[in-house]
Each structure stands twice: as structure tokens, then as C-alpha cells.
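**Q** Following the hints, position chains X and Z with the ligands against chain P.
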Amino acid sequence: MTTPTAPIVRLTIDGMTVKVPKGTLVIEAARRVGVMIPHFCYHPKLKPDANCRMCLVEIEKMPKLQTACSTPADEGMSVRTATTVVNDAHRSVLEFILANHPLDCPVCDQGGKCDLQDFSHQYTAASRFVETKRIFQKEYFSPLIETQMNRCVQCLRCVRYCDEVMDVKALAPVGRGTMTEIKHFGPHPLNCEFCGGCVQICPVGAITSRLSMYEYRPWMLKRADTICGYCGDGCQMTVQTKDQELIEVNSAHGAGRNNGDLCARGFFGFHAASHPDRLTHPLIRKNGALVQTTWEEALEYVANRVSELKQLHGGQSFGGLISGRCTNEELYVFQKFMRGAIGTNNIDSSARYGHVNGLHAMRLVQGTHRWTVTFDDVLDADVLVLVGTNITETNPITGLKVKEAVKKRRATLITIESLEPVVDTMSNIANLSDHHFCIPPSEMQNGILGLLKAILEEDLIPPDIPQRYPGYVKAVTTALRAFSWQDLHRSTDIEPDSFRQAAKVLAAGRRVIVLTGQVLLRSERGYAGSLTLLDLLILTGKLDQPGCGFAPLAEENNDQGAVEMGAVAEFLPGACSADNAADRERFMCLWKRDLPLAVGASLVDMLHRAETGSLKAMFMVGENPVASLPAPIRAEDSLQKLDLLVCQELFLTETASLAHVVLPAASSMEKTGTFTNTEGHVQAVRPSIEPIGESRPDWEVFAALSVLFGMPMEYAESKDILKEIRGAISGYTSLGPTPLPPKVDPTAMDRYLNEGYQPDLTTRYRLIAPKSRPDGTLQIGFGQSLFHSGKLSIRSKGLLQLEGTGRLRINPVDAARFALMDGDRVRLYSTSGEMTTEIKVMERVPQGTAWFPDHFGQTAVGLFECAIDPITRVPSFRTATVSIMKVA
Amino acid sequence: MPKHELILLKNMMQPGYTGSLSDYEKTGGYQALRKTLGKIAPADVTAMVRKSGLRGRGGAGFPTGVKWGFLPKDYQGPRYLCCNADESEPGTFKDRQLMERDPHQVLEGIVLSCYAIGAETAFIYIRGEMVLGSKILEHAIAEARAAGYIGKNILGTGIHADVWVHRGAGAYICGEETALLESLEGKRGLPRIKPPFPATHGLYNKPTVVNNVETLANLPHIMSRGPEWFAAIGSPPKSTGTRVFCVSGHVKRPGNYEVPMGVTVRELVYEHAGGMRSDQPIKAFIPGGASAPFLTPAHLDVKLDFEHVAAAGSMLGSGGVTVMEEGTSMVWAALRLMEFFYHESCGKCSPCREGSSWLVQTLRRILAKRGRMEDLETLLDLCKNIAGRTVCAFGDAEVAPIQSTLKYWRQEYVDLINEAEAANLIKLEPVGKG
Amino acid sequence: MTFSEKYKDEITDILSRYPVKRSALIPLLYVAQRDQGYVTESAMQEIAQLLRLTPPQVYETITFYTMFNLKPTGRFHLQVCKSLMCALVGSDTLFGWIHAKLGIGPGETTADGLFSLSAVECLAACGTGPMMQVNDDYYEQLTEDKLDRIVSDLRSTGTSPLKSGPFMWPEAVESADRPSS
Ligand SMILES: Cc1cc2nc3c(=O)[nH]c(=O)nc-3n(C[C@H](O)[C@H](O)[C@H](O)COP(=O)(O)O)c2cc1C
Ligand code: SF4
Ligand code: FES
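Protein sequence lines, in the order shown, are assigned to chains P, X and Z. To convert, count from 1 in the first sequence and add 21; that's my numbering. To convert, count from 1 in the second sequence and add 70; that's my numbering. To convert, count from 1 in the third sequence and add 132; that's my numbering.
Next comes chain P alone, as it looks inside the complex (with noise of 0.2 angstroms):
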């Protein structure tokens, strides 16, 4: 391992000169010089383990051959990586590891692409070996991961990975001596996170995805570099094709903010875009029922829909709505479209549903809408707070950089999450915590509200800032006396100590991150709680510190170009606000055209409107509200009074049901555009099959329909949009390796510290009181599960293996106390609904708390109340208090 400040040591490979850290092993020092030291167990993502013995050199004054993969380089070394004695060597152990190698290659997937199969081509490697070769009984693995331990070569690359990289530890090298094969526990078949990792490392063919068993070898696939669209990591990946068929994906070590990881989604979810509900024709509503049509038909009879209800009604009584799944291009068209050619500000997106608290406290504090720092930031940070964020299921590979911080690189992990440390096999970021505080979803202000009273009692403000801001400091401290450490540990049931002693870390972190997510983010206090988070960076004068930040996470994976494109009612491109005049003339002229002055209506209020009578069309880009909405937003009578209803749409969802056009629209698999990571780094979306059947790619039906409006908006392709759009918002950094953060802006911050806090602080700094738990009930929350994301994942055939219906997640012990086991099924009522499903008991899932995966949640969401928030009009429905019966 070598540090940021390791010496530099000279060395020679082969007589070639080389200047690396101290400590650099020698096969990497190797590889700066073009030379390739053979190898199976080494990977640059693991700890050496120098076990196949294949990269052994010769190194001047060491008597023997020595391992490249686990020597460190050192000043004035001589490697040599090509003698006779090395070649025989290198020849010698490849003997060995294929002495009981089936050499099954015409059956085995890895062909064309084997660490084994190229060495032993390179060696021209011959076998003396006549004796019996190893066999291992074939035994049933994974729904998703094949193997075949014959083939494997021991190098222990998946269990190290799995355990190392992933810290799932659900693989285990059984048995001992040649015997060793890879195995889940006992005989169960393999129980894990299926993040695909072990698939990927495998030098092999000892490990592949059933999901592509015999379907082709490497040469006869096509491949296109994405970005996965199901979470707002932006991971990028490798999808490869045959002709328009979806084979496999998956992601080079070293691609992308990913670096190569991908989670189960990533790599098993691609099926999707292929599934066979994808709708290929446009539909039209005739005589109440959709019905096949042609792209003519239907453009033009929304064309004059359109016109003849602007006509009547005006702007303003149209709406649009659109997933932050849609690239930056479509969303850009869009809203241009919305406000230059309808003439409404009443745009939202998903970005609605808890993202965009996030960014409107970063705003108000920072100035900024972006994170003020990096995944790069988070491997360095030396403190990192998660709130409210399971990471390791919703934003996976983020979780991987917080986990690399924690376990590599010794970073203090500080989780306020209601999550119960327990270790299985599936990653639980509780486990790596060092101060956890397992607080419910609806009170997790309480357990901020308690690090931030620590941290003003143990006198840990650094003095500038009273100096500097008095008012503010007076008024948080005043916030913070309103309750006792008594009242705190009433509500939490948390030793005050544990709070001092995580502030006291914090306070001393010189790069210290807070990640927040959905817990908090889609909650009652979202926007709250990430101002409450903010003033804890700021009170231990971290926030405007390098490799410090906050970074709330996107849910979608181009929520934060949803609101940089402008697709949310309050903001212009570049989140410029609507209502700010100079950016209003400014999108005037850019665009030629006038724009709406009246404030628009977000998400809810649009719906309100709907049912109210004063919207009467609109635009439904791939969101389907009524089935995502719970009960009292009456999603669906308010849809079904509108004149004109138009949905663009992968399936027909419960949403597009009710439109009169729906309109074929092309997946993330089948465009070309770009998307907006959780970081703020724009990257460039692929597509690696042509659009299924007539589907089309949503910009280009806003484009066509300007034109048949006769006001065009013309591209030639995405590329134009982009260009387009990077004229519009300054600053718009170009497609680069790495995302450059905004800095916290002073004067923003100075607003915020001398007046921006008053208005809702002491609202803000109110415990709240723990809901009373009625015998017999539960808290439930809804929220995001590893397999699953929504529609998308829904109908991936792979991850529906993985986890295929909702189930309810609860307690062992509180499965004992409604006399209930894995499996039952239960009938859940809340003072909203009811719904019925089956429970999986986790330990992980706190005692009296339960929660159910959202996007099985169509029934779920009945149970559910919602709270809009006033500010950023978030509309929040994410627990519930509910009783529990058992039905048969």
C-alpha cells in the first residue's frame, strides 16, 4: 500500500528505469513500463495473497525467485522479468495449475477471454500430467451465478473480493489442499448481494452468470460503454450485445466513478430494455380503449389536442412530469418545451420526491447545487457521517468508496441509520460504524439534534464562528439548551456519552463528509434535516473546508440532472430560480421565445389542480404517479378528470392506462445522451441496441411536436442538445474522467449564517417526540431494496431471481411476538389502508420497526399518509404505524 506521501524509489524492470512510491509492488511498477508479469491472484483491488506463485522474477541479490505481486519496489532494485530461469518458472507453475484443469474450453464461457487459456497459449504450455485429475461434485450454486469448480484455479481472487472489496464475506474456500472448492455455507445454495464482483474477477471460467450460460463467445459481442440507469451512482458499464439481443454487461476494472464495481442491478438488471411488455407502437384512446396507432396519428392529434386546450385554457393548464431516469438532453428539451412552447412553469420530476431537498438546502447554505466534493473526497475523508442512508443498498458503489474509506483506509464512521449492526451476508454498512446511533426513519433529526448539542456542550465550535456570527450561534445554542440530554435519551434511548464521543471525532476529522439518502432526504424533515446537517459542518468549521462537504444522495439516476436541466417548476437550466429576471431574459433570448412569469405548480400541487379542474392536460414522461403515490394524493381521480393525458413510456403502467396517447418511448439502453451522477458529474449514455420496435427517444417526440406546433425546436441528434445546453448553463463542465466540484460559495454562506437560518430554526431544532407505539403495532417504512429500483428492475429477469415479489422486513423478535415465520403472509392496516404480503424476518431491521421495498409498493403506499413539505413541496409518505395479522 503506498501513501500520498511515499518516497520515490528508482528501480529497474528488465534494464528499463522506473520511478514509483515506495512501495509499489513490483508487478505494477512492472506494468508502468509495458512489461507484463503473468499472473492469476493478483488484483490491483486486493491484498496480495501471492498464492499461484505464476509472476515469480528474479530480483539481483535475492537468492530466490521472488513474487512481483507481493514485493513492494524498493531504491535501486533490478527486476528481471525474462530470463530462462523466470521463462522456466513462469512454465513450471502453469504446469502445476492445469495439471488438474478439465480443459473444457469448449464449453466453458470464459473462452477468449481466460487468464488460463492465454498464458498457456503464450507458455505453449504442455502437460506431463497422467495422472487422475481432481473432480468436485457439481452442485447446485446460484439463481444467477454458475460454477464449475473443476476450472478453478484457487487463486481465492472471488473470496477475497467478496470479503475485501464487497466486506459480504458470503464465499468460502472449503476443504483443504487440491480439494479446495469455493462454496456458499453448507449446502445452501449461494445467499449473498449478487453484486456480480466474484463473476467479474474470476481469472477463469470457474464462476459465470447463468444469465448468459453458453450464449456466445467473447468475439461475437458487440460492446457499448454506458452508464446504468438505476441509481444515481453513475456507474459505468460495458454492455454487450448480440445482433439486438442483450447478452451480458459488465464494467473494466479502472472504468468509470465505479471503477469497475457494479451491483447487482448493474450487473444482472440489464434485461429489462428487452422485456417483452415493452410497448413498440404508439396507442390512442378510442371509444375508452387504447388502441395500436402510428407515430403520425398520434403526434398530431396531441398536436391539435394541445392547441385546441391552450386555446381555451391557456398555458397554465398544462402540467408535465418527467423520471429522472430521462438523459440531461430530454430533460432539457423538455422543460424548454413545457415552458417555451406551452408556455407553464408546471414542470416537475422524481427528482421531486426527496432530492430536491438535498439540493435546496445546499442552495440556501452553500450556494451551490452540487456536492462541493467527490467520491475521490470520500476515500480520503478521514470522518464520514451517513444519515439516514442504508448505502449499501441504495447507492451500492458509493457504499463501496465509504466501505474503501472505512476498511482501507481506517476513515471513523459515524451512521445515524435504523439499522441494527448485524453481520449476513449482505452488506450492512452499521457493521463498519464506529459510533452507530440506530434511531427510526421518522425521529432521525433527533439523533443530528444530539450530535450537535454534544458538540456545542463539549465546547467544540471553533471560536471564529461565534466571533464571526454571533446571532447564528446564539440561536442555535438556544435551540439546543431548549432540551435536555434527559429528553434526548428519552426519545432516542442513547447514552449522552455516545453522542459526545462521536463529536468529538467529528470535531477533530480534518476531511470530514456527511452522505445522507432517502431515509432522510424523502422524509417529513428532509429539507430540515439537511439544513440541521449543514449547520453541523459549519459548526465544527468544516463545511467551506477542502475534502469536506455534504453530499446528499441521488435516488434516480439523473434526479441531479433533472434539476440542473431545469425539469422542476422552481428552477431555469443551470437551477437558476424561475423567478429571477435576469436569468428569465436571459432564457428569452437564448431560446427566442417567451417564457411563463407565473410561479408553476410542482408534483402535488399539479395533481390538486387536476382533480380541481384548473389543470387540464399533461404531459407524463416515464413517471407513473398513481402507482407511486399513496392513497390520499388521489393520484389517479385526479389523472382521470383531465381533457388530455399523454404518456411516453417503456410499459403501460397503471399511469399510462389512463392517457389518451401513449407514446412508445426508447430506454437508457437504446440512446445516446448524458446523465448526472449523485457527484455532479455529467457522462455520456450509449446505446448498445436499436430503439425496440417504434420506440423512439423521448427528445425527439418534444421536437416533433414543436414543430407541428410551429414553434421547432430542431436537433439533429443529442449531441446538438448538449451543445446547446452547455451555451445555456455556464460553467457546464465538459465530459471529463472526473467531476470538478463547485466550491462553497462565501457570500451564500454568509446570507445563511447572518439571516437565512432564522426563519425555521428553532422548527428545525425541536426534538421530535418518538411515536407512540401501540401494542401490536409496528413503524413501518418504505424504502429502497438492493434488487430492485423500480419499474425497470421490476422486469429484469435476473434481479426478479434475486428477490421477485415485495415482502415485508421485520424483526425476529417481533416476529415471534405476532407468532409469525418467514414466509407467512400478513394482512398490514394502517388508519390509511390495508394491504397483504409475506414477511422475511432480518435481524438487521430494528426491533418494532419493519419496512416494506418501494417498488413492490403499489399496494404498500395505500398504508401510507403524506406530508407535503412547505418549502420544497416534497411530498413525504415513508412510515406508518400499522398493525399486523396473520392470514393464511
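If you are wondering where the hints come from, they were derived from the structure by calculation, not from laboratory data. Note that beta-carbon positions come from the ideal geometry of N, C-alpha and C, so glycine has one too. Be a bit skeptical, because a hint or two may be false.
Partial list, derived from the structure: chain Z residues whose beta carbon lies under 10 angstroms from chain P [what the hints assert, rightly or not]:
# : residue
1 : ALA180
2 : ARG184
3 : LEU185
4 : TYR197
**A** Chains X and Z with the ligands in isolation, oriented as in the chain P frame:
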């Protein structure tokens, strides 16, 4: 029979000696501890041990005082001592006797060593099969703890040393010191890559010393009688002290014999072990456990000390001397040991893992009269390709029986193969061409 | 009663010896094996939980070592050393005798479930071979007669005075003084 003074086996040879604390104390037990703790500075203890010339009795023969000196001087935080009581080397059975018959001698050595290296915790990693030994040790520890020789504030000196017995669970490789540490950490016993060495990154990544039972049992004597006394015994300067040689095989009185280093096998066999069982001549012997290459009657007068055995092409190793009489099949003997190594290879390194299964199968085939002449070259070549190319010394050890028997008794292999060829039992072609 | 409840005190005692929990794994597996004669799946799961390991981590460790059984064995597990040193003094005949008397070969168990036989590698008793271990006890310098007596002793009393030891304890006080397992 020349009478040598017994040191380690002295107590237990006395009739009626049970090894209990009171018996041990009666023979002067724990006096070294009293004399040393708090009275001689730890660094001076290390210096004395260095001066005594004591070398490890576990196999590698590394100078004990020097090893202790590798511990970081200024390291704050815990250090550990691990007593290697995994004794699994075929032919070796001295540690078991030392622990079962005179456990306090070992414990006193452990506490002395803890004191010298600044460890407050010692683990005795005893091989799992030795249930009796572990119970005896536990009992002895309880006695010593009650008497204030072990635990907190030993003999009022303010020095702490806790000793725990930790049983292995059946894996020869756990005798290798880093595998031992892994196993003690609750993991699979796979040797670690070195460097770093246990002295700096040992148990739980803390500075650690691993010493063999017999090595440690010498310490009370060195401390009470002085390093000079010890250094004068045996074959000074490099092989000082006595060795408990474990004599097995075709001798009349197999067993443990403690003699000064430097006696010959001839003396050991004929003057201590009562000569050969059926008065047959010696055909072969192993001087230092299964990992040591076989030697021949020509080596009967080689002095059994580190240098001379090494010069004769074998090693003193763990002191297991196995003697074979005329008529023993050397191919069979090599196979028996090879089967052991095959069974015990941990599987980490490809050459050792794959090589052991290959070697064992080829040997079995030759012995079953299905060998071919090429097999002999292949065997030698495989041995060469395993030795020196693995993480731990097991790789070197496993090839010793084959290499040495092929060196001295090649004809036996050839005869078996000739029989096979004569019977034309099988013709095997290699897969692929080189 | 679960394993952890049943052996609560012993488990606490074992855990107290080690600064890092995982070190208690092998000791706890021994407790589990003593309880049922082999390590059951549920014991592995409980131990995993106690030590904050995943079950696969427990499993991989168990399978590395030869002394843990994952399946029930006979009540008396005869483990005869087959390594070179014992072989030189006749361990092969021992297998013959056992086969003749009990009708089992290595890896087999008698029909009544009393005896299982394994061929094992060197048990550090080469000076007193041929030898075998039966459950916890060593039996050394075996002869056919001795074997007969051991087998019949085991059948009738569950143990045999022919076993090695005890050494530290005078025979008379053995049962009182000897730490029980
Ligand atoms: C494969 C292998 C097995 C070993 N087995 C043992 C053993 O059973 N007992 C032992 O004391 N040393 C054994 N050793 C030697 C140890 O690694 C280590 O050198 C020794 O415990 C150090 O103690 P010493 O310096 O007191 O000899 C073994 C070494 C190897 C390579
Ligand atoms: S040489 Fe053999 S025993 Fe030693 S680490 Fe390698 S595989 Fe394991
Ligand atoms: S790559 Fe170096 S030993 Fe495997």
C-alpha cells in the same frame, strides 16, 4: 552407554515424578523465575539467551535470542508470545512428552520469555489431538496461577503474564508459525507472505514471538545456570545445549533421548535406543523429521548438530530420527511421507497444492508397478519446480523424501518400473507435446 | 435450548481470553462438537452470530481442519495412525485386525453405530507405535491382545484403562482432581 546429564528430561525420569507443581518446585522449579523477574532487565535476559547460543527446536533452528531482538523496541501496545506446541512433524514426539510429563518446566520458560519480550499474554497453540496434554497444561496453569507464577503481578513484581491453552484442530501446516497465527485468529491455517515477519506483524498484527515447546523449556535452565554453562554443552559455538531426539522406526527401544548436540546417529541408535530391532543393518534414516532428506549408513557418524547434518545434505529439523532397517522399501517409505504431505498441503500455493497430488499419484503408480522410466525425470523435475517457489517451507519439505530416496536408492524405483515394463501393464502417453 | 444458552458460562469464559473475537472460533466449535458429536448447522450459525462472522466464514474454517465432524460419527472414533513411523512398526496390521474384529475399514462405521474407523496422519507418538486415538484418548504400543481388550472395555464401560496417561495425577485422585471436559 555414555552418560550425559539430562536437562529437560531429568525431572520426569525420576520415579514417582508426576509433573505437579509441588514436584516441580521440589526439584528447584520456578527458581529461575524468582531469580529473573524484576531482577534482570528484560533486554539482559534476551542478551543472555543470545549468549547461550540457544537455537529454535521447532525446525528452522533460528537463534532464539536474535529472534527476540527483532521485536520493535519502542512499540507501545500489546505483544504476544505463542508457544508452538503443534508438534505434527511425522517422527517427532518430544513436545508432547515435555508438556505431559513436566508441564511447569514449559510454563516457566513461557513466563520467562514473556518477560524478556514484554508480552503480557501467551498462547500455547497445542495440536488439537493432544487432548491429554491440553488438560495437563490447563491444570498446571491453574496451579501456577494460584501460586502466583502466572497471571497478574507475578510474585509481586508487578509483571503480568497470562497464559492460555489454545487447541488446534488437525492441520500440520498450523505448526508453520504464520499459519499458526492465522489459525489462532480463528481462520484457515494458511501461511502468510513474509515479510512482514511475526516479530513486527504477528498475532492480531502485533509484535509476536513464536517459539517451540522445547526451545522454551530450555529457558529456566539457561537462566538459573547461566548462558556460559549452556553454551558449553553440545557442539559449540553453533549448536549448543542438548536435543531431545525422538527415535522411531526399527530400533529396539524407540523413544525420546536427550543428548548433547553433536552425538552421532550411530551412538543414538546403538547406545541409547538399544540397537536395531531384528539386528538387521540400518538401511536408511531420517535425522530431523519427515521434512528432512533421508540419509544412508554412510552418514551414521555424522554429528547430529545443525551444521553437520546440513553439510551431509539433510537437516536437523525437529529432532525426529527415524531409522529403517535393511529390507525396507524406500519407494514405499517415500510414498508414505508423500501421502502425509499431500494430505497436509494447505492448498495456498499452486506448486505445492498441485505438485503434492501429482507426486503422490505418480509414486503410487510406480509402487503399483505401473510406472514408466520417464516418471523418474518428471518426479525430479516437479520436485525442483516446487522447492523454493512457495510461500512457506512446506514446499521444500515435501520434496525431500522423493529427492533423497531417488538420490540414494534410485535402483529401487528402476526395479519397480522394470517390473512394470516387463509386465507391460500399461502404456501411458503424455498429454500434448513439450 | 439454543447452543449459546446451554453453554452460556463456558462461552463467556472462552470469549474472555481473546482480544479479538474470531479467535474463539475453534474453541467454540469444540464446545459445539462435544454437545452433539458433530458440529450442527445451527451451531455454526449461532457461533457465527456470537463472533460477528458470516456463516460461510465459520464453514470455511471448519472444513480446513480434520478434527471437526460435520456429520455424526460412531460413538468411538478409532483413528489409527498410518504415517511412515507407525507403518514401520506395523500399523498396517492394525487395520487388518480392526477389519477382522469390527468389520469396518477406514471411513466406515459399524452397524450399531458404536465404532468408526479413520486412517489418520502422524499423531506424535511415533516412539510408541503402532498407535491409535479413540475420541480424546491415545492408545500406544498396540498389539492384537491390547486391541481386543480396548474394544471390549469400550463396549462395556465406554473407556479403557489402557489409554495413555494420566501423568500429572496420581491414579487415585484422578476423577476428583482432573479437570473435566
Ligand atoms: C510446514 C512447517 C511445519 C512446522 N511445524 C512445526 C511444529 O509442529 N512445531 C514447531 O515448533 N515448529 C514447527 N515449524 C517451525 C515453525 O515455523 C517455527 O519456525 C518455530 O515454531 C519457531 O520456534 P523455534 O524458533 O523455537 O524453533 C514448522 C515449520 C513449517 C514450515
Ligand atoms: S507451500 Fe504448501 S503448505 Fe506452504 S503455504 Fe504453500 S500451499 Fe500452503
Ligand atoms: S500473482 Fe503473484 S503469486 Fe499470484
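**Q** For every hint, state whether the structure bears it out.
**A** Hints, one by one, checked against the model:
no., hint, verdict
1, ALA180, "holds, 7 angstroms"
2, ARG184, "holds, 5 angstroms"
3, LEU185, "holds, 6 angstroms"
4, TYR197, "holds, 8 angstroms"
Going through the hint list in order, the structure satisfies each hint without exception.
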